[in-house]
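Asker: The listed protein sequences correspond, in order, to chains A and B. Its first residue numbered 1, the first sequence is counted upward by one per residue in the working numbering. Its first residue numbered 1001, the second sequence is counted upward by one per residue in the working numbering.
It should be emphasised that the hints constitute simulated quantities derived from the structure, not laboratory data. Each hint should be verified, as a subset may be incorrect.
Among chain A residues calculated to face chain B with C-beta under 10 Å, some are [as the list claims (entries may be wrong)]: (1) Q29; (2) R37; (3) A75.
Note that the coordinates shown come from a computational prediction; the quantities given were computed from them, not determined experimentally. Think of the CB as a built atom: it goes at the ideal place given N, C-alpha and C, for glycine as much as any other residue.
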Amino acid sequence: MYFPYFISYITVGFAISLVVLIWAIKTGQFKNQQRARFLPLTEELNVSAPKTSRFNRLETYALFLLAIAGLGASAAVLIAALLHGK
Amino acid sequence: MTAAIDDKIQSHATAKGFTLTSACWMVVGTFMGLLGATELMAPDLTENIGWLVFGRIRPVHINIVLFGFVTPGLLGAAFYYVPRLLRTEIYSEKLGVVTVIAWNVALVAVVISLCMGYTQGREYAELIWPIDIMVVIAFALVFINLVMTVKNRQEPVLYVSVWYVLAGVILTATTYSLGNVIWRPNSGALVGIPDAILLWFYGHNVFGLLLTPLAAGVTYYVIPRVCRAPLYSHTLSLVGFWALLVVYTHIGTHHLLQVPVPTWLKVIAIVDSIAMVIPVMAFLINIWFTARGKLGEIHADIGGKFVFTGTIMYFFVSIQGSMMALPDVQRVTHFNNWVVGHAHIGVLGFAGMITLGGIYYVLPYITRKPLYSRFLADLQYWLVLIGMVGFTVVLTIAGLIQGNAWLNGEVVYRILPEIHPYYVTRAALGLMVFVSALIGLFNILATLFFNTREAAS
Ligand code: HEM
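If we strip away everything but chain B, and leave its shape as in the complex, we get (with noise of 0.2 Å):
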């Protein structure tokens, strides 16, 4: 069967965009990790520097890599795969152009406000109410250029990664609006234990309605193609979406499980972060049978490396994640260097990992030329991968130190020094995945630009 499409007069601006987009920004929000590592193995290297101390670097960071390297990175390889899988073309480049503009614009006000000390000092909801306003109008473009490219298909079925980024879309825009509470512009929040209920839900919805669903959508598309390959079961996949719409929308409360919220309120969100392993496991076991006996394939293509490796990341970081929201367990892991450990499997390991597969898959599709260099791309993929699974063990050791020893009534900072040496092995793991930013970022700058190579037809 052949595309009803050309894809030869199709510009994929709109994907380049966003997959720029995503190359320059991780190169920033990893260089805010990497300081922010720093100044945790030496806290007095940015005394006096009011706008680099740790306190604004650090939402910096976790704004930056959230919004800036791993969403921009996953709708660039949407904005190439959507019209694609509908047999039609975006429903406008234009739009989409500007969305990239308005998506980078809002990115340097996120840099500079939080450096000026301007913030609204909620996790993952600290940016300014005029922020808040351009991510969701940025969110909202998208939506709107995607639900126009859906509404002008060709294809009557939507396949599985259609509903996922969709989904992923407009969820975050309701949910953003609602934990920003942006109807209060100067706070920002509610007061007392909802605002904490409402800041949660949100939260974990950024990782369970945002990268989750453009991950998923990403590596339905990428595995079958890579194995060449139909998907393992489609009905499957549709059970998995549903019951992640489902089931991630309750668990936020596993964040507050130490914190006086509703005992109810905290027991269906222990049920249902068990329940997790339900769409997980459709999702994994769809994918990994899908890629039975091809792993060659998968090995050969440096987009399906990163994407399969992500998968793998899923499942451990779903697993544990589950287990976290056992109360047992998290009277250990709770408030220390554990649930650091387990964000960067979630957002480095997982997303992260499918962000890179994605952009490294599309890149010779959306340039028509070859990729500038399989050998750097292989070499980023060992220094993320060897950065973020020593973040994991290094991470989870300071962790189990700090739980144990609170647990045992020692004050904090008398544990300090014995976790030093494991914020120096980090910040060093950090630098090697800075560096990988910086391999990548030329790697899709030259493929963009100045690679003269043909693509092989």
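Next up, chain A with everything else stripped away, as it sits in the complex (with noise of 0.2 Å):
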């Protein structure tokens, strides 16, 4: 006899979601969903961006040879199907 637990535990979860979700309609969270987008922004961004570092250009070039290679890899496994695969 498992479903008892099984049973009780969805009973619950979905009766607390049910709560939570009257609450939400209730205290107006899904109202105003315009000025929510602008939550993150409220306060100031107070630290200055951070510089980006020297790392930056190896970094394209590190990415770029990444992409190559990752290229290369899919091309030589098509290649060899094709040229091997009866």
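Take the two lone chains and join them into the complex the hints point to.
Answerer: This is the structure in structure tokens:
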């Protein structure tokens, strides 16, 4: 007999979710969504944007190399499959 | 607009405590991973050292990575952003610090007990009963602190990040209790198939109802801030939130497709695994549209860079996950290194990257000092990225070799030599990730304690 555990958990979970949903509707959580979009920005960004480092240029090359390697590996698999796969 | 509270008088002790916890345990967790990978490559390495055998190291690795590195890091960021989004102070820094201490005591107990061989032997639910209770209490304390902060808020509307973190914490406290069967302290298990179903309901909820919501919360806060742009759509974010709760809770049985569980349950798990595309894409579309045209700003901010990379990994892991839930695909990918590859894109590439991003984003705010070294943080970014992508490639190849060989009736021991080179590469990549954890710890310690520069305001 295991299902009483499962059923009671589902019931309790469902009930709590429903209560939270009703609370949210009542307190206007789903209203004024336009203002909500700005909530992370409502205070000053009081630390200056960090500077980029000398790593930046290297990074561009590295990303480029990674992409080429990835594409190269895919092309190699494709060519090998076409040549050898019968 | 200005903040209603004075940032200068806040200690941010809880956020600092969780951040430091995460940085320290990342070193331990990745070291255990490296040790495990080395043992797979050289199985006799720790011969006769009982407490270091693979069977004990692996659960230490996964438990420490989940509850020592990722969760505390994401909570550290949450303890900074939740009060700010609600325009209030955290309910109790004292309670927060007590929670951090309790959390660390529990983590020490995790390592000692598992290394000594005290385990309940169920994946992700290995911890013995007393530690289970400590974990549940720790989550409950976090929840009380956050919910009281919500109660004291001056901002009436809860931003989506607040929804995510509250849900993540309380759902984990409950599903953890259930999945660890804490009402049966001795075994920590039900019997037979129902136990497997319950375990994987909980097991998948660790990713779906803990790591994913906490990481989504950080992302929804950091990306608009870094881009200095409003969220693309708050309505869409709430749709994604409720969809995640409805869909994720049903998919645990996709871990048991090749087990005699009821077929109707498998069907639900498979259908909802595909339906996961809805919450995943609701989240990603929202974030990517917010970031549209602002990639330069994201690149310039180290926190933003980690977080954004994490969202790309979330795309890959989720699409891959939906495919892996299809029985035809899983016939090849189940029970081999493919799944380990998937796990690392998820936990390291998605949740881990966002954890580091959250830490690096909030660190200058909670310490009021600039990051000690941007160069070291960049280096860590690249080590984690290359290590993680490398894991994915080698483990996927090894998994395909294993899966296809077993489908063809090949025996296990004949395949082992074939995958050995991949295990060696994997251990080398693991070394990179471990080194990155050391670099991160140094950078975070230096920012917290040795940095004498003041933040430019
Ligand atoms: C749409 C989202 C996702 C789906 C449908 C999905 C699907 C799956 C499936 C079917 C498996 C079992 C594979 C097998 O045993 O054959 C699995 C394993 C796993 N997934 Fe995901 N996944 C998703 C997202 C994630 C995320 C976001 C994470 C991490 C944060 C993650 C972490 C893991 C881990 C760690 C395992 C290994 C479990 C084990 O130890 O066996 N997954 N996933």
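Asker: Determine which of the earlier numbered hints do not hold for this structure and return their numbers in increasing order.
Answerer: Of the numbered hints, just 3 does not hold.
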